[in-house]
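Enquirer: Use these hints to put chain B onto chain A, whose structure you have.
Number of protein chains: 2
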Amino acid sequence: MKNRISILLLISLFVCAFCYAQSDTNDGYQPSVTNQPGKEFPQVNTEGQVRAQILAPDATDVRLDIGGTKYEMTKDENGMWTGESRPQDEGFHYYQLNVDGASVPDPSTKYYYGAGRWGSGIEIPADDKEIYALKNVPHGLVSEKIYFSEITQAWRRCFVYTPPEYLTEMNKRYPVLYLQHGSFEDETGWASQGHANLILDNLIADKKAVPMLIVMDNGYAYTPEELAKSQAEARPESAFEDVMMTEIIPMIDAEFRTKANRTERAIAGLSMGANQTMRIAMNNLDAFASYGGFSGTSNYPSSDAIDTATFLNGVFKDGASVDKKMDVFFLSMGTKESDPFPGSIGAFKDMLHKQKIEFTYYESPKTAHEWLTWRRSLHQYVQLLFKN
Amino acid sequence: MKNRISILLLISLFVCAFCYAQSDTNDGYQPSVTNQPGKEFPQVNTEGQVRAQILAPDATDVRLDIGGTKYEMTKDENGMWTGESRPQDEGFHYYQLNVDGASVPDPSTKYYYGAGRWGSGIEIPADDKEIYALKNVPHGLVSEKIYFSEITQAWRRCFVYTPPEYLTEMNKRYPVLYLQHGSFEDETGWASQGHANLILDNLIADKKAVPMLIVMDNGYAYTPEELAKSQAEARPESAFEDVMMTEIIPMIDAEFRTKANRTERAIAGLSMGANQTMRIAMNNLDAFASYGGFSGTSNYPSSDAIDTATFLNGVFKDGASVDKKMDVFFLSMGTKESDPFPGSIGAFKDMLHKQKIEFTYYESPKTAHEWLTWRRSLHQYVQLLFKN
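Protein sequence lines correspond, in order, to chains A and B. If you use the working numbering, the first sequence closes out at 388, no skipped numbers anywhere. If you use the working numbering, the second sequence closes out at 388, no skipped numbers anywhere.
Quick caveat, the hints were computed from the structure, so don't treat them as lab data. Virtual Cβ for every residue (Gly too), placed ideally from N, Cα, C.
For the chain B half of the interface with chain A, some residues (derived, Cβ under 7 Å), not all of them:
| no. | residue |
| --- | --- |
| 1 | 56 |
| 2 | 57 |
| 3 | 101 |
| 4 | 104 |
| 5 | 110 |
| 6 | 143 |
| 7 | 155 |
| 8 | 167 |
| 9 | 255 |
Taking beta-carbon pairs under 7 Å as the criterion, some of the chain B residues facing chain A (in silico):
| no. | residue |
| --- | --- |
| 10 | 58 |
| 11 | 59 |
| 12 | 111 |
| 13 | 134 |
| 14 | 141 |
| 15 | 142 |
| 16 | 146 |
Extracted from the complex, chain A is given alone in its bound form (with noise of 0.2 Å):
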């Protein structure tokens, strides 16, 4: 309400967002698309690099910092401090400023959660953004589901994707998807900067993906016994198969319109998310029939040749058992991914082969280990899911 010169300073913050995403001044550096509504900085430029802005009138040392390379910005005679990082691979990155040693969010992006922290993001357009981006196709809904966890003894919280038809085909069930985060994520990732619904989205209005639902929950689990470990820095074990088992899977299955049963439930996941998926899937082959691991694998960080006889269990020693219950057994990378992954990954493709078990696998061009490169995984992976 406050007055009328307010209201129309902040139309006007969007009018000129929307002047800037339309022209090509700027030495063809535009705002990203992770931007607040009527912020024209940060930008990114055809090369990939990113321009950032802020005002600091009295700061001596202001700096970019992308993925923990730093780069140095300069101060015009208003206080505002501007500067450009090299070309970034394409994608989501997330990144920060540093004023005068204080490493802060950008003021001008949204934020996600990644890394550790909630911060900001830059997106560098994909030469295939078309498969995540927001089109005119009918789009499912993202609903926030809180819950008490009776094994963590704490409030859980997980995002369900359902798709368009779910609210007006009342009376169809539908398969699912559970779908984890990485390391320093959170259940938020996968419809943030993961843009999991606008893929999924997009693929089922052209026949491409089933109608499926898709959970996305908080990979970290820890019974209140073993978190107490981690004060004296022992490292405590993972509650998140017992929560997945018998806490998730049973409230989505009463809640939704599922189809409870092994083929018509897939789980995927991708970096930590893929090394656990992997093992709740093979600890679980009565749940699951497809498995999808993205970045990751349960042998990280090892390059080391498996031993079938030991690793998880031993079920990958039986490879004609796994082969014939796994409908979709789907791994993925991207082709600049570094130490461990390349050999770690590497070394369970060659158990895969050698035990003949049947797999999918797919490398995203020119990305690293991030979110370019997960998006563009479940991309290709759910093409393949429920459709025997």
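Expert: Then chain B, alone, in the frame of chain A:
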């Protein structure tokens, strides 16, 4: 995945936060409930003072800025700056830090949209915080719904609260409350800092409110033609009423199990949203039978006596007709609100009295034009709804 040390560190952060939340050291200061996981600052004491901290070893001037009032912070030998505010009102406040002239979010809090930006928030525990606390009761969903507006030619988004029983009572239909944010806020506010979902979960569990849907949309809506005017610094006319009546309500009635009639449809808003929704309700008495105005009325900012012949197209001239049509007419404000709110809301109440229109008036004790006023107002208002 990364490495075990990192995971231990992350777990330690969670445990650390848990310890602080349980202890009562630090001069009675406790971490704010709005903090990011594992962050022990900012903290709040029983006097409502805020203590913030930020590492900024090379900075020369760092301040804590709550609602425009700046508090000096002091640096210790490690470059850690700490500062305290004067006692704040109970409830939720937007704030920021100033580092050598740069206004930035506190990197230790979660982020909220308000005051025209995504930024930090702090929560001063209120005596009646139980009304919006996360309790062991059944919880509804908050669902993100993306849709394209033909009127604004833009993508829009609303959040829809569905009560706990909505997923399983498949043949039941529900009344709907349309609930709007204030100026410089957006569709995220009510289910984030507003805790509308928890307020309803608690009231429904206590059988003090009937199960209902709440639809929270964005009050900024302009046709492309009107938006172009703001480039010329003219005030564009809002298309929000048109969007609400011809796009949002038909969409919700088509996709959710609603009772689609006026007595089962209510509308309310805070500040700018109170102003907007009063106009919408009064222009569409065939569509709504209940109205709630929290800290706002459509005669804003005037404190003059209302001329019912001209105000809102003369709708209040026939007071008996309005009184008969409205099941609930609810107004509220905080006892500490500043001009022009007491005057304009007072003039509006005077008019209702004069026209013999029955209404409920609520005053939130010791709060200003802020979210605790609006949480309490919602808590009062929804208990009156849909009970005829």
